[in-house]
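If you're matching them up, the sequences are chains P and G in order.
To convert, note that position 238 of the first sequence is 238 in this note's numbering; the numbers rise steadily by one, no gaps.
To convert, note that position 351 of the second sequence is 351 in this note's numbering; the numbers rise steadily by one, no gaps.
Hints were generated in silico from the structure; no laboratory data involved.
Quick caveat, the model's predicted, so the values are computed rather than measured.
Worth double-checking, as some hints may not be accurate.
Said to hold, decoys possible - Here chain G is said to cover these stretches of chain P; the calculated rule only asks that three of the stretch's residues, wherever they fall, bring their Cβ under 8 Å from a Cβ of chain G:
#, stretch
1, 58 to 67
2, 98 to 104
3, 108 to 122
4, 234 to 242
C-beta atoms are modelled at their ideal positions from N, C-alpha and C, and glycine is treated no differently.
Each chain, letter by letter, is given below.
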Amino acid sequence: MAELQFREAIRAAIDEEMSQDEDIFVMGEEVAEYDGAYKVTEGLLDKYGSKRMIDTPISELGFAGIGVGAAMNGLRPIVEFMTFNFAVLAADQIINHASKARYMTGGQVEIPIVFRGPNASAGQLSATHSVSYDAMYAHFPGLKVIYTSEPADAKGLLKSAIRDDNPVLFMESEQMYGLKGEVPEEDDFTIPIGKAKVKREGSDVTVVAHGKMYHVATQAAEKLAKEDVDVEIVDPRTVKPLDIETIVKSIRKTNRCVVVDEAHPFGGLAAEVGYLIQREAFDYLDAPVQRVTLPDTNAPFAKNLFDEWLPSPEQVIDAVNTVTYRK
Amino acid sequence: MAKKEKNAEEVTFTPKGTGIRTNGEIVRSTELPDPTEKKHSDLDLSDDDVVDMFEQMYLQRRFEERAMQMYQKGKFGGFLHLYMGQEAISTGTTYALNDDDDIITAYRDHGWGLVRGVSPKEGMAELYGKETGCSKGKGGSMHFANVDEHFWGGYGIVGGHIPLGGGIAFANKYKQNNRVTACFLGDGAVPQGALHETLNMSQNWGLPCIYAVENNGYAMGTAVHRHSVGEIVDRADGFNMKKMVINGMDVLTVYEKMKEIADDVRENSEPWFVEIRTYRYRGHSMSDPMKYRTKEELEEYEKLDPVARIKNYLLDEDIIDEDKVEEIEDSVEDTVMEAIDFAEESDFPEKEALYDHMFAEDDYPFHT
Chain P
1 MAELQFREAI RAAIDEEMSQ DEDIFVMGEE VAEYDGAYKV TEGLLDKYGS
51 KRMIDTPISE LGFAGIGVGA AMNGLRPIVE FMTFNFAVLA ADQIINHASK
101 ARYMTGGQVE IPIVFRGPNA SAGQLSATHS VSYDAMYAHF PGLKVIYTSE
151 PADAKGLLKS AIRDDNPVLF MESEQMYGLK GEVPEEDDFT IPIGKAKVKR
201 EGSDVTVVAH GKMYHVATQA AEKLAKEDVD VEIVDPRTVK PLDIETIVKS
251 IRKTNRCVVV DEAHPFGGLA AEVGYLIQRE AFDYLDAPVQ RVTLPDTNAP
301 FAKNLFDEWL PSPEQVIDAV NTVTYRK
Chain G
1 MAKKEKNAEE VTFTPKGTGI RTNGEIVRST ELPDPTEKKH SDLDLSDDDV
51 VDMFEQMYLQ RRFEERAMQM YQKGKFGGFL HLYMGQEAIS TGTTYALNDD
101 DDIITAYRDH GWGLVRGVSP KEGMAELYGK ETGCSKGKGG SMHFANVDEH
151 FWGGYGIVGG HIPLGGGIAF ANKYKQNNRV TACFLGDGAV PQGALHETLN
201 MSQNWGLPCI YAVENNGYAM GTAVHRHSVG EIVDRADGFN MKKMVINGMD
251 VLTVYEKMKE IADDVRENSE PWFVEIRTYR YRGHSMSDPM KYRTKEELEE
301 YEKLDPVARI KNYLLDEDII DEDKVEEIED SVEDTVMEAI DFAEESDFPE
351 KEALYDHMFA EDDYPFHT
């Protein structure tokens, strides 16, 4: 094990996989000469050269599509978006082409591609730089979506994503890149896509939280522990395919659930998990499922409004209090 | 006062003096450059090659004429975008390229499929949505593909496949396999941002790709000079890219020019931007009443029919006689009718096929 920053864990995953497979290359804005806008790919240009570390112009639609075409024709691209907020410009390539070409051609092509980069908000960046896109892409068949919360998960799941023969969206967070954690160093360390993890065991309430929200949930759980509320936290890690079994198993134990999601409320992961819980665990619930999400508004710039907008540990505590009828 | 007069002017958002609505005259939607003066033997094509070109083109034509009839009889649904009038482009290009060079195109793809190894049976079955179709009934008219023979398919989002063509070329350069990619698009895709982003990266990175616009005069119902300013081919100038305009109604011309270009791409690993001028005899799709063009314009282009042109060439050059032409036409007709029988007799995909070809693995846990 080594203590690595989140960005170092991602870099290690890319580096290890690139060293084993000549067909893997990295493409995106500032990934090579600049060493990565967030230093995720630092040093990889020196190691792999400009054939495999490719700086692109600011043309998300174009380079995402070139990545898809290259994947169809036998390569294994890792396409970095400076943030998934900019990837909206590439949505046609992800949603209409990467996810559909195999199906439309009756299985004649494979598209082993990873689209990765930071997702959701990162402080006061205003409306267009703050959106969480994991649930949106998870809506579309043909895509796998991962949004991890800790360095070890990031490394293990990114390696699985790179080895996967399907298009995978791998989401990160600017605000987590410096986060440190113990990370296995073995070359064959991977985590299977589609497996949630119980990261904190508890008996009173299940809190489902992934990505950056996992840490908000953890802070809430620590405060609640002082009040003798025993919180179990399930981190789905993979949004699609979703491991609902692990979530349901936890609810059968706790009989209560709060879903924390850094997306807007309509049609997000919280909405989907809430539906699945009522279908799969209706008889085990002692209270309606609560959710903590962004409000149904754009991200504001003003500090006080932004703090109000982003889900907070206090909101999670309130939701836990609601499902446990403590208030 | 002057200000008031200016405000009183009629505001319009279409170029003046274009189209049948504005001046009533026949405005040719495209000006064709001269065809080649060379004979097939000057182009290193054998007599048999030219006969085969005619047969290939006639097959594409009859396949679509029969497909249209079947569509009108209600034998199958979906869109049906016909390629009729443009067959010299698919045929001349395929002859000009190596068998392992890559081709990708938009949704007007039947001709491309047929000339690149999609059998008439597999093609017709795909139109019918049968499991024996080239794309197993999953793609339909817009998604013919034969990846084994380097035909990557037709794609239905206008301009969306252009970066895919660039990516296929990127992979070829990466692997240094000396393959050339030909990415075809309609004039309607020229104003899409995807083209301009892809051309920029292609020139910057030296991608071995020919971006070829099949300018058939109309983006659906909008004449080319109403949707794009200037000459299409001049888009290349902004990228310092090599360019050419080609007469797309003559298969020998398409062959000659595309071969020159492909040779250059292979040698120098630099992209080209090519405008191949042609004409679409049918509507955009089957539901198109074609009110945006005159009957006279259509008739003028029908005189230039590329299929009739190569047939006449065969006769004029005494390569084959009328009897042989008739024999070929009858044989093609039989092939197409057999394809229809095959499509009709084939089964629809099993219900379980709904979940096939979504993911590489067979055990993906689909969400319910």
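Hints versus structure:
Beta-carbon proximity to chain G at under 8 Å applies to 8 residues in the stretch 58 to 67 of chain P; the threshold of 3 is reached and the given coverage holds. As drawn, the stretch 98 to 104 of chain P meets chain G at 4 residues by the rule of a beta-carbon pair under 8 Å; at three or more, the given contact holds. Note: the stretch 108 to 122 of chain P has 4 residues with beta-carbon separation from chain G under 8 Å; the three-residue rule is met and the coverage holds. Counting residues of the stretch 234 to 242 of chain P whose C-beta lies closer than 8 Å to any C-beta of chain G gives 3; at least three are required, and the coverage claim holds.
Violated hints: none; the structure is consistent with every hint.
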